[in-house]
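Here are the chains, one letter per residue:
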Amino acid sequence: KQEVTQIPAALSVPEGENLVLNCSFTDSAIYNLQWFRQDPGKGLTSLLLIQSSQREQTSGRLNASLDKSSGRSTLYIAASQPGDSATYLCAVRGAGGTSYGKLTFGQGTILTVHP
Amino acid sequence: ETGVTQSPTHLIKTRGQQVTLRCSSQSGHNTVSWYQQALGQGPQFIFQYYREEENGRGNFPPRFSGLQFPNYSSELNVNALELDDSALYLCASSLSPRTEREQFFGPGTRLTVL
Numbered sequence: 230k231q232e233v234t235q236i237p238a239a240l241s242v243p244e245g246e247n248l249v250l251n252c253s254f255t256d257s258a259i260y261n262l263q264w265f266r267q268d269p270g271k272g273l274t275s276l277l278l279i280q281s282s283q284r285e286q287t288s289g290r291l292n293a294s295l296d297k298s299s300g301r302s303t304l305y306i307a308a309s310q311p312g313d314s315a316t317y318l319c320a321v322r323g324a325g326g327t328s329y330g331k332l333t334f335g336q337g338t339i340l341t342v343h344p
Numbered sequence: 018e019t020g021v022t023q024s025p026t027h028l029i030k031t032r033g034q035q036v037t038l039r040c041s042s043q044s045g046h047n048t049v050s051w052y053q054q055a056l057g058q059g060p061q062f063i064f065q066y067y068r069e070e071e072n073g074r075g076n077f078p079p080r081f082s083g084l085q086f087p088n089y090s091s092e093l094n095v096n097a098l099e100l101d102d103s104a105l106y107l108c109a110s111s112l113s114p115r116t117e118r119e120q121f122f123g124p125g126t127r128l129t130v131l
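Respectively, the protein sequence lines represent chains R and Y.
Quick note: to get my numbering, add 229 to the position in the first sequence (first position is 1).
Quick note: to get my numbering, add 17 to the position in the second sequence (first position is 1).
Since the hints were derived computationally from the structure, they do not count as laboratory data.
All residues carry an ideal CB built from backbone N, CA and C; glycine is no exception.
Each hint should be verified, as a subset may be incorrect.
Claimed, not checked - Computed, partial: chain Y to chain R, Cβ under 8 Å:
id: 1; residue: SER50
id: 2; residue: GLY59
id: 3; residue: PRO60
id: 4; residue: PHE62
id: 5; residue: GLN65
id: 6; residue: PRO114
id: 7; residue: PHE122
id: 8; residue: PRO124
id: 9; residue: GLY125
Claimed, not checked - Here are the simulated distance ranges between beta carbons:
id: 10; chain 1: R; residue 1: ASN292; chain 2: Y; residue 2: GLN35; range: 43 to 51 Å
id: 11; chain 1: Y; residue 1: SER44; chain 2: R; residue 2: GLN283; range: 25 to 33 Å
id: 12; chain 1: R; residue 1: SER299; chain 2: Y; residue 2: THR37; range: 39 to 47 Å
id: 13; chain 1: R; residue 1: ALA307; chain 2: Y; residue 2: GLN58; range: 24 to 32 Å
id: 14; chain 1: R; residue 1: THR234; chain 2: Y; residue 2: GLU119; range: 17 to 25 Å
id: 15; chain 1: R; residue 1: VAL242; chain 2: Y; residue 2: GLN58; range: 17 to 25 Å
id: 16; chain 1: Y; residue 1: LEU100; chain 2: R; residue 2: THR234; range: 23 to 31 Å
id: 17; chain 1: Y; residue 1: SER24; chain 2: R; residue 2: VAL242; range: 35 to 43 Å
id: 18; chain 1: R; residue 1: SER299; chain 2: Y; residue 2: THR31; range: 46 to 54 Å
id: 19; chain 1: Y; residue 1: THR22; chain 2: R; residue 2: PRO269; range: 17 to 25 Å
Using the sequences plus the hints, can you model the full thing?
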């Protein structure tokens, strides 16, 4: 059974800092890994999707890496801003079998960026 | 092109009641997945519907059931509500159930069970 863990559970940083969010998963048989952002009480916004054959993806100030063999991914946020404050969720998509393409999520990292 | 929409936005029910949540998939998407997100937790997969048939199910009891209609919109029904059913219910649609197809999420329905 796939399990996804995110560390830290919460993070508070001053504006302008670079930061790293960590995600680990127990079963390396994944199709891809996705990072989402969730604002309080809202739905999910996809940030980055990394295919299992890729090592990293970049979008603006965000960079996500994937090491499938070790079951780890990191989300790097450069020059953080108060608008980045949200919960960040990591999710993996199982590879074939009975996965149905379902996503298995971590519990999230609550990020607060203060001015 | 409209995105995934869900209704209602919020809902309050009492223990033992039944509830129906609705989801309209993104244009052209024939697959809908439902997730439950309890407070402070990540979303958990409930089930997936493809062409009006259940195509996979997570670890949820039978009182969680669903429907998909010919226009690919979907309903999630929960019978005999329990306090622990209080959560944000998210619907996601995709072009097909194939693993490589990205899922696009709606804004969710917040269910409170008293």
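To see whether the hints hold, each was checked on the structure:
Checking SER50(Y) against chain R: minimum C-beta separation of about 7 Å stays under 8 Å; hint holds. Using the Cβ-Cβ criterion of 8 Å, the hint placing GLY59(Y) at the interface with chain R is satisfied: the shortest such distance is roughly 3 Å. Proximity of PRO60(Y) to chain R holds as hinted, the smallest CB-CB distance being about 5 Å (cut-off 8 Å). Evaluation of the PHE62(Y) hint against chain R yields a held restraint, the C-beta minimum of about 4 Å falling below 8 Å.
For GLN65(Y), the interface hint holds, the least distance from its beta-carbon to any beta-carbon of chain R being 5 Å, beneath 8 Å. The restraint placing PRO114(Y) at the interface with chain R holds, with a minimum CB-CB distance near 6 Å, inside the 8 Å limit. Hint status for PHE122(Y): holds, given a least beta-carbon distance of 4 Å to chain R, under 8 Å. Residue-level restraint check for PRO124(Y) holds (minimum Cβ-Cβ distance to chain R is 4 Å; threshold 8 Å).
With its C-beta approaching chain R no nearer than about 5 Å, GLY125(Y) sits inside the 8 Å limit, and its interface hint holds. Evaluation of the 43 to 51 Å hint for ASN292(R) and GLN35(Y) yields a pass: the beta carbon distance comes to about 46 Å. The hinted window of 25 to 33 Å between SER44(Y) and GLN283(R) holds, with their beta carbons roughly 28 Å apart. Under the hint 39 to 47 Å, the C-beta atoms of SER299(R) and THR37(Y), about 44 Å apart, fit the expected range.
Between ALA307(R) and GLN58(Y) the CB atoms are about 28 Å apart, so this pair conforms to the stated range of 24 to 32 Å. About 23 Å separates the C-beta atoms of THR234(R) and GLU119(Y), a value consistent with the hinted range of 17 to 25 Å. Checked against the hint of 17 to 25 Å, the pair VAL242(R) and GLN58(Y) passes, with Cβ atoms roughly 23 Å apart. Our hint of 23 to 31 Å for LEU100(Y) and THR234(R) holds, since their Cβ atoms are close to 27 Å apart.
Range check, SER24(Y) to VAL242(R): Cβ separation about 37 Å, and the 35 to 43 Å hint holds. Between SER299(R) and THR31(Y), the C-beta spacing of about 48 Å keeps the proposed range 46 to 54 Å intact. For the pair THR22(Y) and PRO269(R), the beta carbons lie near 20 Å from each other, so the given range of 17 to 25 Å is met.
In summary, this structure violates none of the numbered hints.
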